[in-house]
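*Asks:* Given these sequences and hints, build the entire structure.
Residues per chain are reported as follows:
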Amino acid sequence: MADRLNLLWLQSGGCGGCSMSLLNAEGPDLYTTLDVAGIDLLWHPSLSEASADEFVALLQAIVDGRQRLDILCLEGAVMHGPGGSGRFHMLAGTGRSLRDWLADLSMRARYTVAVGSCAAFGGITAAGGNAVEATGLQYDGARGGALLPAQWTSPGGLPVVNVAGCPVHPGWVTDTLAQLAQGELGPAALDELTRPRSYTDHLVHHGCPRNEFYEFKASAEKPSDQGCMMEHLGCLGTQARADCNIRPWNGGGSCLKGGYACINCTAPGFEEPGRPFTETRKIGGIPVGLPSDMPKAWFVALASLAKAATPERLRRNAVADHITVRPSVRRSK
Amino acid sequence: MRRCAPGAPRMSRRIYGPFNRVEGDLEVQVEIADGRVAAAWVNSPLYRGFEQILHGKDPRDALVYTPRICGICSVSQSMAAAAALRDAAGTTEADNGALAANLVLACENLTDHLTHFYLFFMPDFARADYAARPGFDAVAARFKAQTGSAARDMLPARAAFLHLTGILAGKWPHSLALQPGGTTRAIEPQEKAQLRGIVAMFRRFLESTMFDDRLEHVTELDSVAALQRWATSHPRSDFGCFLRIAAELQLDALGRGGSRFLSYGAYTLHGVPLFARGIWDGGPRPFDAAGITEDISHAWLQGQPGPMHPLRGCTLPAIDNAAGYTWCKAPRLDGKVMETGALARQVVDGHPLAHDLAADGSSVLARVVARLLELARVLPAMEQWIAELQPGAPFCNTTEVPDEADGVGLVEAARGSLGHWLRIRKGRILNYQIIAPTTWNFSPRDAVGTPGALEQALVGTPVSADAASSAAVQHVVRSFDPCMVCTVH
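Read top to bottom, the protein sequences are chains A and B.
The first sequence lines up with residues 876 to 1208 when you count with the working numbering.
The second sequence lines up with residues 581 to 1069 when you count with the working numbering.
Since the hints were made in silico from the structure, they are not lab data.
Ideal Cβ placement from N, Cα and C applies to all residues, glycine included.
Any given hint might turn out to be false.
Interface residues of chain B toward chain A, partial, derived using beta-carbon atoms under 8 Å [said to hold, decoys possible]:
# : residue
1 : Arg601
2 : Gly651
3 : Leu699
4 : Arg707
5 : Thr745
6 : Gly746
7 : Pro753
8 : Arg794
9 : Leu795
Sample of chain B residues with no beta-carbon within 10 Å of chain A, all distances over it, derived [unchecked claim]:
#  : residue
10 : Ala706
11 : Leu748
12 : Ala757
13 : Asp868
14 : Gly972
15 : Pro982
*Replies:* Shown next as structure tokens:
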């Protein structure tokens, strides 16, 4: 049995939504999930009693080496602005930027985990012209090297573990923490952006309830239509790396099941798609972003064949908000 | 801001922060005289710049960006953005879409009330500061942060309740389901049954654990005296436990605020809100959004010559503004400080218990009771909205956002009045300004030096010299259920 690990959770340039999503953990609840995974919460902003002076004393004890820290989680981007000063986020009561605290704490923590796309890559907080100079812990968008250098590894021997997503699925976090606690999360378990492969080896397309519409290129044209949203409504599910349609959200949901496009929120730079989020950019009528690993010529050939073969049922259901044509029954003799 | 009143006896200063069990980052500085807060300054120490991010974007992209202002008020932000776009487009929602949006917003708001009570607010009564008080052990066993039994009861109920949003909007937080014309997810007949089941399970949790009583009985409480009688007869409920603590600690006298309340009106269907729109200022007054201004005199901001209406306002950082002590602007209605939130909503709506609780102004007790009163009042409305859903009828009307238009979206989030002001020029967002509930409540001083709602409510709060935690200050601050990531966005 591995030793139990303690966990410190901090928030910076973000919305707190990853913590809120984490509280949605169920079967069992978050506290029980962490407990059975062998993780003790040293401090979390939404959950812990210690406030103000008590909390600052805890941080100082970690920096001074008087308090052991196993897992440092950051939610939200690292705020470097304005002008590299870090003053867009001063840690209350300390007169010191959270960025500077993070630099010290990450040297002490056995493992450092970025929770959400802001902490991993900068995320939504880095959108627009990124006037606030937001980055992830170890990535600035897709480029390695931010607060922590590209080649940096923590005292536990891992780079920052990027549990990207906006927000994260609670299971992505709890699975990752449980694997860390068991010593099962080695470098091979992380992808090329150091995201846990446990969920990024999948595409959002896997298990999408609209797959039959996709197969026949029966496309939705407006919000609430049931058809595939790749052709017109900006959906990136065939390229986005996550298991959202395999691992249900809030009981049984997902973006696709909710009727709206995947915006590829686990990827660096998703916050600036270079087009309206819910509109597909096309050249010559063909979507610019093709499904992952699909040769363009084959996609064009298959798509035109599929369009020609689209059953009436799919053609009509794709542009309706409920099933108007049922599957036919094949009668046996 | 660092003036001390000359000759004041035993004056000292203290900084509280970082405040946890609030959403986001908060620092409160107080001046203490004779063991009480004499003046307070509230600092929102994180700035992200959403208004600048939105500048130049396609207007529809506001539906992606603005929910991500806040992970705990995400649907409220979606709803305000959708309403502003709808206003700009001059269109209407499909009836089903309006019902579904109300259900999703109510799910978030009630979830937030629940989270506030169990995870953010009650654990302070299990602090060691109170260890000598009678009944402390039971309170600590129930509400102690991380270890109390209440959170283990509440978290599964919360997660199961949010399945409603899983069905109607895909996920929570950060959905794109709420659109100007309605919602993107049409419901099948059997899903109405599933929604009914989810709400019924949440009703069971509230009626067994939170209230130990029917929701309708809680809704009928019409005076402080009736509330006190109810507390005596429902000692096993978590609400009853709070009311007993509140009586012992005199939370009705703590965190006393003003008597001016603002509500934009909540859960509107066919133009009629479930909870009325208006203001309360010694009596009911009509509300005119044209009277709203934001002042930046005490914020680290620049670009406004004086207080400005949000449609014309701007949000540009200026870290070296010497008079600044926060990133938060100072919103005012007709130049006045307003308190917003569940209490304001219930006072403006005319609920007799809220009126009695706030007869002499707001308080820690009144703010907390109003939230739980809303749990009891809104859930039956959700049951009604589910019944009115019509599978097969449209959920979303087609909306074309015009190239040149202004739009305003005013909604009630859990924490109070949330407004989005949008100007579209040449098909792009020219200006997008947001005033969140906690921007009102945790406002800094304005140009004439009038402190914001929390700054006023903290004055008079007892501060013990030895206790670092100063529990009373924590109760006052958390009674507002602040959302700092919304406050400065």
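*Asks:* Have a go at the B:Arg707 hint: is there a Cβ in chain A nearer than 8 Å to its own Cβ?
*Replies:* With a minimum Cβ separation of about 7 Å from chain A (threshold 8 Å), the hint on B:Arg707 holds.
*Asks:* Just want to verify: B:Ala757 was marked as not at the interface with chain A; is every Cβ pair farther apart than 10 Å?
*Replies:* violated, 5 Å
*Asks:* Interface hint check: B:Thr745, Cβ to nearest Cβ on chain A, cutoff 8 Å. Holds or violated?
*Replies:* With Cβ-Cβ at 6 Å, under 8 Å, it holds.
*Asks:* Regarding the hint that B:Leu795 lies at the interface with chain A, is the smallest CB-CB distance below 8 Å?
*Replies:* Check failed: Cβ of B:Leu795 comes no nearer than 23 Å to chain A, outside 8 Å.
*Asks:* Does B:Pro753 pass the interface check with chain A, least Cβ-Cβ distance below 8 Å?
*Replies:* B:Pro753 check passes; min Cβ-Cβ to chain A is 4 Å, inside 8 Å.
*Asks:* Please verify that hint: B:Leu699, Cβ, nearest Cβ of chain A, below 8 Å or not.
*Replies:* Holds. Min distance 6 Å.
*Asks:* Quick check for students: does the CB of B:Pro982 sit more than 10 Å from each CB in chain A?
*Replies:* holds, 15 Å
*Asks:* Given B:Arg794 as an interface hint, is the shortest Cβ-Cβ distance to chain A below 8 Å?
*Replies:* violated, 26 Å
*Asks:* How about B:Gly651: closest beta carbon in chain A under 8 Å, or not?
*Replies:* This hint holds: B:Gly651 lies near chain A, its Cβ roughly 2 Å from the closest one there, short of 8 Å.
*Asks:* Is it correct that the beta-carbon of B:Ala706 has no partner in chain A closer than or equal to 10 Å?
*Replies:* Contrary to the label, B:Ala706 does not stay out of reach of chain A, its closest Cβ about 7 Å off (not over 10 Å).
*Asks:* Would the hint on B:Gly746 be counted as holding, given a Cβ-Cβ threshold of 8 Å to chain A?
*Replies:* holds, 3 Å
*Asks:* Just want to verify: B:Asp868 was marked as not at the interface with chain A; is every Cβ pair farther apart than 10 Å?
*Replies:* For B:Asp868, whose nearest Cβ neighbour in chain A is about 31 Å away, the distance exceeds 10 Å, so it holds.
Checked against the numbered hints given earlier, the structure breaks hints 8, 9, 10, 11, 12 and 14 and satisfies all the rest.
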